[in-house]
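Assemble the whole structure, with the sequences as input and the hints as a guide.
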Amino acid sequence: DGGITQSPKYLFRKEGQNVTLSCEQNLNHDAMYWYRQDPGQGLRLIYYSQIVNDFQKGDIAEGYSVSREKKESFPLTVTSAQKNPTAFYLCASSTPHLGINEKLFFGSGTQLSVL
Amino acid sequence: RKEVEQDPGPFNVPEGATVAFNCTYSNSASQSFFWYRQDCRKEPKLLMSVYSSGNEDGRFTAQLNRASQYISLLIRDSKLSDSATYLCVVTPYNTDKLIFGTGTRLQVFP
Chain A
1 DGGITQSPKY LFRKEGQNVT LSCEQNLNHD AMYWYRQDPG QGLRLIYYSQ
51 IVNDFQKGDI AEGYSVSREK KESFPLTVTS AQKNPTAFYL CASSTPHLGI
101 NEKLFFGSGT QLSVL
Chain B
1 RKEVEQDPGP FNVPEGATVA FNCTYSNSAS QSFFWYRQDC RKEPKLLMSV
51 YSSGNEDGRF TAQLNRASQY ISLLIRDSKL SDSATYLCVV TPYNTDKLIF
101 GTGTRLQVFP
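Top to bottom, those sequences are chains A and B. The opening position of the first sequence corresponds to residue 1 in this note's numbering, with each subsequent residue numbered one higher. The opening position of the second sequence corresponds to residue 1 in this note's numbering, with each subsequent residue numbered one higher.
No wet-lab data here; the hints were simulated from the structure. There may be inaccurate statements among the hints.
Within a straight-line C-alpha distance of at most 25 Å, the following computed DSS-like cross-link-like pairs (lysine-lysine) qualify [what the hints assert, rightly or not]:
1. A:Lys14 <-> A:Lys103
2. A:Lys103 <-> A:Lys70
3. A:Lys103 <-> A:Lys9
4. A:Lys71 <-> A:Lys57
5. B:Lys45 <-> A:Lys103
6. A:Lys9 <-> B:Lys42
7. B:Lys2 <-> A:Lys57
8. B:Lys2 <-> B:Lys97
9. A:Lys57 <-> A:Lys103
10. B:Lys97 <-> A:Lys71
11. A:Lys103 <-> A:Lys71
12. B:Lys2 <-> A:Lys103
13. A:Lys103 <-> B:Lys97
14. A:Lys83 <-> A:Lys103
15. A:Lys70 <-> A:Lys57
16. B:Lys79 <-> B:Lys45
17. B:Lys45 <-> A:Lys71
18. B:Lys97 <-> A:Lys57
19. B:Lys45 <-> A:Lys9
20. A:Lys70 <-> A:Lys9
21. B:Lys45 <-> A:Lys57
22. B:Lys97 <-> A:Lys70
23. B:Lys42 <-> A:Lys103
24. B:Lys42 <-> B:Lys97
25. B:Lys45 <-> B:Lys2
26. B:Lys79 <-> B:Lys42
In structure tokens, the structure reads:
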């Protein structure tokens, strides 16, 4: 079955440590996204990529980095510069141009917590 | 003013009730509108796209009011399984970015 897979489901980070969240999709989608969700908040866009080897900052990119070396993969690194990383992270993919009949496909999320 | 605003709730309703949520958006040039459903600590899933003429899917009806810049979601004959957070999502004109509201929490009780 086609889908989008995030791992791990739960991740713990020590102070000063970089951690990487994995996101893989086999839907043949060109566009991929990373969102962050805090309790009682909507989803906020961290980074997005419309095509391989290209990505753009979203609204809250500081303290994060991404790469898009393969169409299927869009890993997110939470660096030590991100001072408040505890949140629920969601990866999504879609066809390149979201219109009225398009939708985002989400992974099941990664809960990141600071030790 | 936030780009997309929703009443966070919770809306506590009995089974069988009809409940409606509104969502306002600030960008008058917004072009696409959606309702997503999110269960606790799960990923959001598309519930319905919202068309200019309004649309219905079973017990769910979505409406768009461009003049007043809001969209609505009506749920008839509420089921216990409808308990979730409903996210309003808007796409500004000429962009592929989706702007998410904070969500409205619905709790249906027996």
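Comparing the hints with the structure gives:
no., hint, in the structure
1, A:Lys14 <-> A:Lys103, "violated (35 Å)"
2, A:Lys103 <-> A:Lys70, "holds (22 Å)"
3, A:Lys103 <-> A:Lys9, "holds (23 Å)"
4, A:Lys71 <-> A:Lys57, "holds (18 Å)"
5, B:Lys45 <-> A:Lys103, "holds (9 Å)"
6, A:Lys9 <-> B:Lys42, "holds (11 Å)"
7, B:Lys2 <-> A:Lys57, "holds (20 Å)"
8, B:Lys2 <-> B:Lys97, "holds (15 Å)"
9, A:Lys57 <-> A:Lys103, "holds (21 Å)"
10, B:Lys97 <-> A:Lys71, "holds (19 Å)"
11, A:Lys103 <-> A:Lys71, "holds (18 Å)"
12, B:Lys2 <-> A:Lys103, "holds (23 Å)"
13, A:Lys103 <-> B:Lys97, "holds (12 Å)"
14, A:Lys83 <-> A:Lys103, "violated (32 Å)"
15, A:Lys70 <-> A:Lys57, "holds (18 Å)"
16, B:Lys79 <-> B:Lys45, "holds (18 Å)"
17, B:Lys45 <-> A:Lys71, "holds (23 Å)"
18, B:Lys97 <-> A:Lys57, "holds (11 Å)"
19, B:Lys45 <-> A:Lys9, "holds (18 Å)"
20, A:Lys70 <-> A:Lys9, "holds (22 Å)"
21, B:Lys45 <-> A:Lys57, "holds (24 Å)"
22, B:Lys97 <-> A:Lys70, "holds (22 Å)"
23, B:Lys42 <-> A:Lys103, "holds (17 Å)"
24, B:Lys42 <-> B:Lys97, "holds (21 Å)"
25, B:Lys45 <-> B:Lys2, "holds (23 Å)"
26, B:Lys79 <-> B:Lys42, "holds (19 Å)"
Taken one by one, the earlier hints fail for this structure at numbers 1 and 14, listed in ascending order.
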